[in-house]
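Could you put the whole structure together from the sequences, leaning on the hints where they help?
Spelled out from the first residue to the last, the chains are:
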Amino acid sequence: MIVLGIETSCDETGIGIVRGRTAAGERNVLLSNTIASSMDEHARYGGVVPEVAARAHLEALQPAIERAVAEAGITLQEVDAVAVTSGPGLAGALMVGIGAAKALAVSLGKPLYAVNHLVGHIAADILDADAPPLEYPTVALLVSGGHTSLLLVRDLTGDVELLGETMDDAAGEAFDKVARILGLPYPGGPEIDRAAADGDPDAIRFPRGLSRASDMAKHRYDFSFSGLKTAVARWIEQREPAGEPVPVADVAASFREAVVDVLVTKALDACAQHGVPRLLLGGGVIANRRLRDVTLARAEAAGVTVRIPPLSLCTDNGAMIAALAAELIAEGRTPSTLEFGADSTLPVTQIQVAAASEDALSVRGGSR
Amino acid sequence: MILAIDTSIGSTVAVVEPHGDVRAVAESAHTLGHAEIIGTLLERVLGEAGDHITHVAAGMGPGAFTGLRIGIAAARAFALGRGLAVIPVPSHDAAALAHLDAGASGPFAVVTDARRRENAVTVYDGADGNGLPRRLAGPELRPQTADLAGDPLTSGAEIVRAERIHAGDVGRVAALMLASGWRPTGELAETEPLYLRSPDVTVGHAPKRVST
Ligand SMILES: [Zn+2]
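Which chain is which? The protein sequence lines are A and B, in order. Take the first sequence: its position 101, counting from 1, is numbered 101 in this note's numbering, and each next residue is one higher. Take the second sequence: its position 9, counting from 1, is numbered 9 in this note's numbering, and each next residue is one higher.
The set of hints was computed from the structure by calculation and includes no laboratory data. The structure presented is a predicted model; accordingly, all values stated were derived computationally and were not measured. Accuracy of the hints is not assured; some may be wrong.
Unchecked claim - Covered stretches of chain A (in silico footprint by chain B; criterion: 3 or more residues with CB under 8 Å from a CB of chain B, positions within the stretch not fixed):
hint: 1; segment: 157-166
hint: 2; segment: 291-299
Stated by the list, open to error - A few chain A positions that, by computed beta-carbon distances, are all more than 12 Å from chain B:
hint: 3; residue: 1
hint: 4; residue: 31
hint: 5; residue: 79
hint: 6; residue: 86
hint: 7; residue: 131
hint: 8; residue: 219
hint: 9; residue: 237
hint: 10; residue: 245
hint: 11; residue: 330
hint: 12; residue: 331
hint: 13; residue: 332
hint: 14; residue: 334
What the hints assert, rightly or not - Anything over 12 Å on all C-beta distances counts as not near chain B; from chain A, calculated:
hint: 15; residue: 234
hint: 16; residue: 341
hint: 17; residue: 354
Idealized CB from N, CA, C, for every residue including glycine.
The following block contains the structure:
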């Protein structure tokens, strides 16, 4: 069962090819994880520009599919199913992938699975050949330039609950914006990291969003980073009139610490409150070493086991989309119908989109 | 047979025979919903015409970007699945061929809505030796309020407002291109959609002050 996954929700054109397990206890095998990124094209704008991303997806798709197929050592005719991200993400970008996926499925005469991008991030973990199988339930913290979400995963293909998410900027976006305030280039994550290397994370106490006792009732697991960004800007502006130089290293380290602290605190709080001793990390911001180190240290102290997929599977990619579809197929789920569209705010509870009813399938099959 | 796809205005898919007969057409006039309907349209024409596709033709615009891309992505992916070539067809050529068939004489300008109070305009005059519409100028953008009669681009040309593009016509243009010996050149200009506009972005200015 070979599944080809197409991911175009943001600025990475991801094509993944996975050989799905055919029986319980077997593992899925990653055959290719091909990514074409338009990140460089967005650099001069300081953030992802949807129209630029969508144009880049159209340009990159065909060569990326060709590369993925070559890397997997298969022909397209050997693909048994096509999978695609239907949301959440940038609508115009998603639609490029959806148009391609539908036509490829019809062209090959193969079933199509439309899946949820965020749940795909969790599915990335089952492609790690070196890791023991994913155990349920697990709390998942997904952090990237596009999302910051805390999930409770009871079953990858059947039961994913949103515990909380960002109310404004995604964590990765906050890194980009603060980098700009500090005069550092895009993308901000690696730049802040570099600047923070010699800084004191405790030099400045920046606010932890939605962490007051009064926030616990409604926003216990939600995040907010726009106030933090403003606090950094204000702190720097207050030093300007005095002509004091900005201690970039300390600001970067203290800002990063505020982000990491709030992410890890809320994730471990979710583990404790739900009695779940397992935490899965995903999303591109996981590349941040400080986030990984703090998570591992504090999780160990809390008796929580942390899983981190390989970094190449943490950033947006098509392999995780193929992996999620492979699991749906292994569970015997019906394919999606051809009528779904892009859903930029697709809720995480909707793991698969437009699954065909058994009746509809028999009608379609009968008419052929 | 040629599978033709155009989503520059509505969503339209057709199967056209090599000599230009249109075997099957499936269309939606809506200017939205291209991503939702494209798969169903493909299934429908293949079911109707029989699935003996040898070439894929893609309407390259001009048109609304988001919709336009869906058809081109679909055309490329379908072709890739079969190991076929994609014939890029300027969408206005399809409208021009239809207008020539209707007995056009003299120069004419195909005009489509390009959004943002602008039109996309391509000027043609008759057909070349292969029967393909002879493109004189364009496509270019003009304000919708512009006086086309007084515009050097379009003066003296009959104005042909195309509310729709039909994939049958896209496929017929592709058939004529094939008959005239069309081969993929691999040049970027041929495979780039006819956007006519740069991505709508402004380079970021310095961060605003937040202190009051
Ligand atoms: Zn993501």
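Results for each hint:
1. 157-166: With 0 residues closer than 8 Å to chain B, the segment 157-166 of chain A misses the three-residue bar; violated.
2. 291-299: violated (count 0)
3. 1: holds, 18 Å
4. 31: holds, 17 Å
5. 79: violated, 9 Å
6. 86: Nearest chain B Cβ is 9 Å from residue 86 (chain A), so the label is violated.
7. 131: Holds, since 33 Å exceeds 12 Å.
8. 219: holds, 23 Å
9. 237: Nearest chain B Cβ is 5 Å from residue 237 (chain A), so the label is violated.
10. 245: holds, 18 Å
11. 330: holds, 24 Å
12. 331: holds, 23 Å
13. 332: For residue 332 (chain A), whose nearest Cβ neighbour in chain B is about 23 Å away, the distance exceeds 12 Å, so it holds.
14. 334: holds, 16 Å
15. 234: violated, 5 Å
16. 341: Violated: least Cβ distance 4 Å, not greater than 12 Å.
17. 354: violated, 10 Å
Violated hints, listed in ascending order, are 1, 2, 5, 6, 9, 15, 16, 17; each of the other numbered hints is respected by the structure.
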